[in-house]
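Asker: Take the sequence shown: its letter number 111 is residue 111 in full-length UniProt numbering, and every next letter is one higher.
To be clear, the hints were calculated from the coordinates, so they are not data collected in a lab. Please note that the accuracy of each hint is not assured.
[What the hints assert, rightly or not] Label pairs and their calculated CB-CB ranges:
hint, residue 1, residue 2, range
1, A84, A141, 32 to 38 angstroms
2, T114, K136, 31 to 37 angstroms
3, I77, L173, 21 to 27 angstroms
4, I162, A141, 24 to 30 angstroms
5, R99, A139, 19 to 25 angstroms
6, I107, L27, 17 to 23 angstroms
7, P91, G23, 49 to 55 angstroms
Even for Gly, the Cβ is constructed at its ideal location relative to N, Cα and C.
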Amino acid sequence: MKTDGVELGTGKSYAPVDGVNRGVSILDFILRIVAVLGTLGSAIAMGTTNETLPFVTQFIRFRAEYKDLPMFTFFVIANSIVCAYLVLSLPLSIFHILRSSAQRSRILLIFLDTAMLALLTAGASAAASIVYLAHKGNAKANWFAICQQFNSFCERASGSLIGSFGGVIMFILIILLSAVALSRR
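Construct all of the structure, not just a fragment, from the sequences and the given hints.
Answerer: In structure tokens, the structure reads:
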């Protein structure tokens with residue numbers, strides 16, 4: 001028998017847990033939308049990054065594109081995959097708002113979120129290492145810093161990392177929130 005949110009004879013409360021889980025689910029949904037925007041913006045920013053510099057004559061030019069570096073291509077693909085996953089996970093996140101006691105679907109999302117976190121972190125880290133080399137170079141390996149010449153290219157590539165690492169932070173928060181919601185059951 002239940003009365004005023006407390007099951008008689010057991011002392012267990014059920015209404016406050018559902019309310020907290022609903023709040024966690026709403027926050028999960030909001031964080032997923034923020035992560036969608038971050039990963040989509042990063043993929044678009046990096047995917048449209050290019051710069052052309054004239055050389056001595058008008059007919060010879062140096063061009064830098066994101067496609068020239070496989071790590072940047074991986075970055076765009078990883079952010080695109082994660083963005084698509086996040087969009088596809090939004091209905092399940094809405095389901096968790098409506099049914100805050102759902103456990104199996106929440107466990108599935110934790111596993112998939114963790115896999116996407118790993119993919120996003122790998123893509124962002126690979127791109128960050130190349131951006132660092134573009135800014136600083138490496139004298140021992142005879143890699144020269146190109147950002148003095150391709151300033152716009154480097155600024156855009158650096159800026160695209162912000163949204164991606166923001167997505168990493170959002171995923172960490174999403175996973176922690178899902179764990180909290182599961183532990184409250």
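Asker: Where does the structure disagree with the numbered hints, that is, which hint numbers, in rising order?
Answerer: 5 and 7
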